[in-house]
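So the sequences go chain by chain: A and B. My numbering applies: residue 1 is where the first sequence begins, and numbers increase by one. My numbering applies: residue 1001 is where the second sequence begins, and numbers increase by one.
Each hint should be verified, as a subset may be incorrect.
Not the full set, but computed from the structure, chain B residues with beta-carbon under 10 Å of chain A [claimed, not checked]:
no.: 1; residue: N1052
no.: 2; residue: D1053
no.: 3; residue: G1094
no.: 4; residue: N1095
no.: 5; residue: L1099
no.: 6; residue: P1114
no.: 7; residue: E1120
no.: 8; residue: E1121
Straight-line distance between alpha carbons at most 30 Å, and here's what the computed DSS-like set of lysine-lysine pairs gives [unchecked claim]:
no.: 9; chain 1: B; residue 1: K1268; chain 2: B; residue 2: K1312
no.: 10; chain 1: B; residue 1: K1224; chain 2: B; residue 2: K1268
no.: 11; chain 1: B; residue 1: K1190; chain 2: B; residue 2: K1019
no.: 12; chain 1: B; residue 1: K1019; chain 2: B; residue 2: K1050
no.: 13; chain 1: B; residue 1: K1071; chain 2: B; residue 2: K1093
no.: 14; chain 1: A; residue 1: K63; chain 2: B; residue 2: K1071
no.: 15; chain 1: B; residue 1: K1190; chain 2: B; residue 2: K1093
no.: 16; chain 1: A; residue 1: K63; chain 2: B; residue 2: K1164
no.: 17; chain 1: B; residue 1: K1073; chain 2: A; residue 2: K144
no.: 18; chain 1: A; residue 1: K227; chain 2: B; residue 2: K1071
no.: 19; chain 1: B; residue 1: K1312; chain 2: B; residue 2: K1137
no.: 20; chain 1: B; residue 1: K1265; chain 2: B; residue 2: K1278
no.: 21; chain 1: B; residue 1: K1137; chain 2: B; residue 2: K1050
no.: 22; chain 1: B; residue 1: K1339; chain 2: B; residue 2: K1050
no.: 23; chain 1: B; residue 1: K1229; chain 2: B; residue 2: K1278
no.: 24; chain 1: B; residue 1: K1312; chain 2: B; residue 2: K1050
no.: 25; chain 1: B; residue 1: K1050; chain 2: B; residue 2: K1073
no.: 26; chain 1: B; residue 1: K1093; chain 2: B; residue 2: K1164
no.: 27; chain 1: A; residue 1: K144; chain 2: B; residue 2: K1071
no.: 28; chain 1: B; residue 1: K1312; chain 2: B; residue 2: K1019
no.: 29; chain 1: B; residue 1: K1164; chain 2: B; residue 2: K1268
no.: 30; chain 1: B; residue 1: K1093; chain 2: A; residue 2: K144
no.: 31; chain 1: A; residue 1: K63; chain 2: B; residue 2: K1093
no.: 32; chain 1: B; residue 1: K1268; chain 2: B; residue 2: K1278
no.: 33; chain 1: B; residue 1: K1164; chain 2: B; residue 2: K1050
no.: 34; chain 1: B; residue 1: K1073; chain 2: A; residue 2: K227
no.: 35; chain 1: A; residue 1: K144; chain 2: B; residue 2: K1050
Just so you know, these hints were derived from the structure itself, not from any lab. Note that CB positions come from ideal geometry on N, CA and C, so glycine has one too.
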Amino acid sequence: MDIAFPRIEPAVAPVPFTYGSRRTLPVARIELGGVPRGAAIVLCAAGALERDAGEVMNGLAEKGYESVAVDLSPGTGAVSDRDLLGDVSVLMGLLGERGWSSEQVGLVGYGFGGRTALLAAAEFEVGAAVSVGAPLIRATRPVKTPWLGLFGRQDPAAPPEAVACLRARLRDSPVHTEVVTYPGVARDFRFDAREAQAHAASFDVWQRTVEWLELRVAPRLTAVAQKWQTHTASGAAGPSRV
Amino acid sequence: MSDYIEVDQEMPRFRVNRKVMTDPAVFASEREQIFNHSWLYVGHETELAKPNDYVTRTVAGRPLILARDAKGKIGVWVNSCPHRGAMLCRDPKGNARFLTCFYHGWSFNTSGEPVSVPAEEGYSADFERPGLASPAKVESYRGFVFVSFDPDIVDLTTYLAGAKEYLDLVLDQSEVGMEILPGTHEYSAKANWKLLAENSYDGYHLLSTHQRYLAMIAAAHGGKLDVPKGIDDTRAINLGNGHAVIAGSPASSGLFGRPLSEAAKQEKAERFQRLREKFGDAWVDRMGGARNLVIFPNLVVIDLVMGVVVRKIEPVAPDYLEVSAWHLVPPDEGEELHKQRLDNFLTFWGPGGLASPDDVEALETCQRSYTAQRELPWSDISRGLHSEVKEMGSEYQMRTWWRRWHELVVGEALPEEPQGPLPDFFVGQRLPQTAAATADAN
Chain A
1 MDIAFPRIEP AVAPVPFTYG SRRTLPVARI ELGGVPRGAA IVLCAAGALE RDAGEVMNGL
61 AEKGYESVAV DLSPGTGAVS DRDLLGDVSV LMGLLGERGW SSEQVGLVGY GFGGRTALLA
121 AAEFEVGAAV SVGAPLIRAT RPVKTPWLGL FGRQDPAAPP EAVACLRARL RDSPVHTEVV
181 TYPGVARDFR FDAREAQAHA ASFDVWQRTV EWLELRVAPR LTAVAQKWQT HTASGAAGPS
241 RV
Chain B
1001 MSDYIEVDQE MPRFRVNRKV MTDPAVFASE REQIFNHSWL YVGHETELAK PNDYVTRTVA
1061 GRPLILARDA KGKIGVWVNS CPHRGAMLCR DPKGNARFLT CFYHGWSFNT SGEPVSVPAE
1121 EGYSADFERP GLASPAKVES YRGFVFVSFD PDIVDLTTYL AGAKEYLDLV LDQSEVGMEI
1181 LPGTHEYSAK ANWKLLAENS YDGYHLLSTH QRYLAMIAAA HGGKLDVPKG IDDTRAINLG
1241 NGHAVIAGSP ASSGLFGRPL SEAAKQEKAE RFQRLREKFG DAWVDRMGGA RNLVIFPNLV
1301 VIDLVMGVVV RKIEPVAPDY LEVSAWHLVP PDEGEELHKQ RLDNFLTFWG PGGLASPDDV
1361 EALETCQRSY TAQRELPWSD ISRGLHSEVK EMGSEYQMRT WWRRWHELVV GEALPEEPQG
1421 PLPDFFVGQR LPQTAAATAD AN
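Only chain B is shown next, with the shape it has when bound in the complex (with noise of 0.2 Å):
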């Protein structure tokens, strides 16, 4: 057991050093071990509609371009000019067959191969002409585009496990394809990245931090809140690969969101049926139940059925990290369900929502106090640890995640935790698809 997790198999109890959120040799060793050595999303294939589409990101700590090139392949590419290292492309996002450099003129295209270098006769004949760089490896699944420094990865799709059936569940929602909707959430928070992934999937929380939120829902539905029956039924589901999931039950997703109209319901009920046709009762059921899904180390999908988001947390300093957010929507949905979602993730999700502003309220008074660290070394982070039944309150879905981080910043395995059988529920399957059902799953 190293100086980070301290685990207590006899009490038990499970506690994490508050070291692990002001080091910046942590850090430092997260950054190499951890992001160097994971699948890490880079941001989704449909935000890049045309030919020559660009939007840059910074994914631990690079600067990249994630380009749809001239003939329609999406490729990513270091956002720095070969020549002496300036950025290629300055906007957020934009289309541009040709990428200049605007520092001497070097240009590129939108397959990261040179096209010209100005007055190149100040270069010899053989002078090798550097193309764009590229990750170690870039692969997508469904739309969503990762890329791995590691050359040695395994392939995306082992990588991610179990949280594949979560993906699917979310992306399933849609006859035509979930599609990104434009625009990015982009906000900050004084607090490691980890309280993040942590707040990701606490369970925990909601009642206790989010009450505007829910007060705010419940004046929506004429002052009080019917909770759905069966909404304690939940599970915190470990993944593989330190990918975790709390997932609800059918009742959850009617919690969350503002009243919708009696024909806009009838709609959502009709596109659900079809759905049922086309995957079966057992997967639609488990398609609307609410799920907060974390994989390793920083993609957040929490997908409450009224509205889906995707959230990439990105590491900064060990004190410091910015979220992009993005709305995963169903396009062929009409205009009040669209109208809800649009507003549910401004009111819930958005830096000015009534939800995320509380969330990094409470991870900024986390940092401030790690520096009582000598007075208060430890953070707990053992509930459901005594019970086999792991539900979404319990917080096995993080202890899931640390045991990853520290198998790869240690280089130790800490001892698993039993979980046991899952509801049936939680494990119902889609029905077998034809092929070209499942074409976009390749």
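Looking at chain A on its own, in the form it has when it is part of the complex (with noise of 0.2 Å):
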């Protein structure tokens, strides 16, 4: 996020969600002109919808995704993990009234959102998934979205035994999955700081995060694409494999 693009401004409006946890929340979101790379959905951090929004969303908007960010804590009442997961098919609800298709779409969670994105990853396929320093799950289920979790060695909610155990257990799902650990860092360490192994896992988090997305959320396809993939469907000579 080094070249200064304009930032654009986030709209925010109230969303009923009317699967999950039946609230209505501020959802914020940055569409696109042009032919977009691809959606996020960005699941914030606990009470951090206006720290988050705006700077994840910008940052994913330089790489050409249009993105919604929502926070979807709890606050004072009580949510459960099956009303979070009709909150997500909420928002990928909003993702497909612009278009998106949920290969098109990735997840990236922070905290709280982290937790959320990481069980919507065991609840869905969509492109790709990301959890930055997400709370441990006790019984994670298989994964059928390619998910990534980063954690800080230093957070107490995810000690790195447990975090061991987790990168084990994902290890029967039928997808790629990955996590990986920063050492002298705790909960919020994708925010720059002057300690150098803050400073770097800050940096790498942000390289991981579009990079997972890159790989993995599928384009979505210009109109002379989607001419071209028609006409090779249509029997065009493909390559040998196995």
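Put the two chains together into one complex, using the hints given.
And the structure:
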């Protein structure tokens, strides 16, 4: 995020989450012109919509991703995991209205939102999912969406042995997963700091997040590319495979 | 007879001219006549566990991508953007649904199909978007993936000929399917690639070159290495198409590796007992003997029963070769046996082990001495030529390889040498299997 792109102010509007928690929550959106690369759902840390949304969404926009962002943390009420998954499907619906199919969507979650991203990766098949600084879930199911977990080794909510256990359990998933841990940092390691390990972690986290999406989120095809795909599907010669 | 190989059937004597190890013209000819017309090993299907996993390999000088696509199908692609050539995958392994060229941003999926071209308005509507290039042929045998750059080559099974049986002897050792462990041993030698092909099934050099390893094993066994009875009952066997193997008796596998606990011996015995019920005694007796297999031209599978190495030799220059080696294991094995395998792999075959560096040293001194080929033009490969019994220490297996080399590079078949009938132990067959049991063999 070094190049000075013009900053886009996300449009924030209330959205009723009718399938899940049945709350009405503020959702931030950035919509792009032309043919955007893909779409992302940003699941913010608890109470951090204002802090996270603008920065992360602009970073994604620089890479060509439209996005929606929300803070799904329960606040003072109770929200079940099932409710959260319903909430994520409402967000997928919002992107669907913009023509995005599930394979063209990436999930990026921070803190509580990272936990939700992992739950969603086990429930839905989307393009890719990333959880940053998520408190660990005790019994994680295998995931259906390629998932990247980034943890601080000093995070009391994600102790190294529990992270190792999660990594081993996710190996049974039918898709690729990866876990990276950062020494000397706790939960909020995505923010830059003077201390060397924190600075390195914040840089690496963003690089890995973007790369994870770039390698897996299906791009929206242009009209010309779509025409070409139809042409090859109708019998152009394909190369040999086992 | 050519300038390269001289066969005297009277003496008898078989000699190879050292020019073939140094001459760039011979090297170029091998590239064309051998490597463009053989089946060449790329990698193993178990290296790609998940959809969109890939590894990159160099095969006959070409950069290749071995990938499992989103639907699980294995494919091999040339690791070069069809636009202007930059490499798409620059890591030795990874996972990516989309491979994007870092030069101009063209992207492709793991099925080799074009996905997007940035700023495509710069091309006409009819512009043909190229997909990734592929070698002419890709086939696999029980997880071993081979490519050929020759569209007219025979199918892989026909090419493997008798070598197939020896792969089966290795691959039948697991009840759930043998797997390649993650990671590659990579090393190089300032030597011609053919020297390592010869060395990989040279039974004659074990005692002289690998004293250090044998001393270590003896020490691990309390200072005395009990040479198992019948250890010298071995054979070198011509498997057709230039492939050959040296195979040991059941006693041979006991020579290698550190000692096992009683519990581990018991576990191993029980697994082999189950294999006996499935495959029959004749087959499992053979399985228990060590074997060094070279599949022409450059794939080596060495199975000392306590460990299996799969080794690919890549010629880089007349005097430089690169090796990639992988460890093939039965994943159903317990912790101690697994640990013993890892130890064997490292201490015997590892680039810093107690055997491979000795081989590299031997090969490099051979290569250095070939500068004196005017004074000393010939290397001798005659051992065992006078006898119909071809034991492991003969050089029959190498002569088999060289005959195929000569046929391809020079275009002339050299006289064959008779091999007497093999003892029963070396010909025992696997009991017929049901279709389900052999499904992975097809």
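Could you work out which earlier hints the structure fails to respect and list their numbers in ascending sequence? 12, 16
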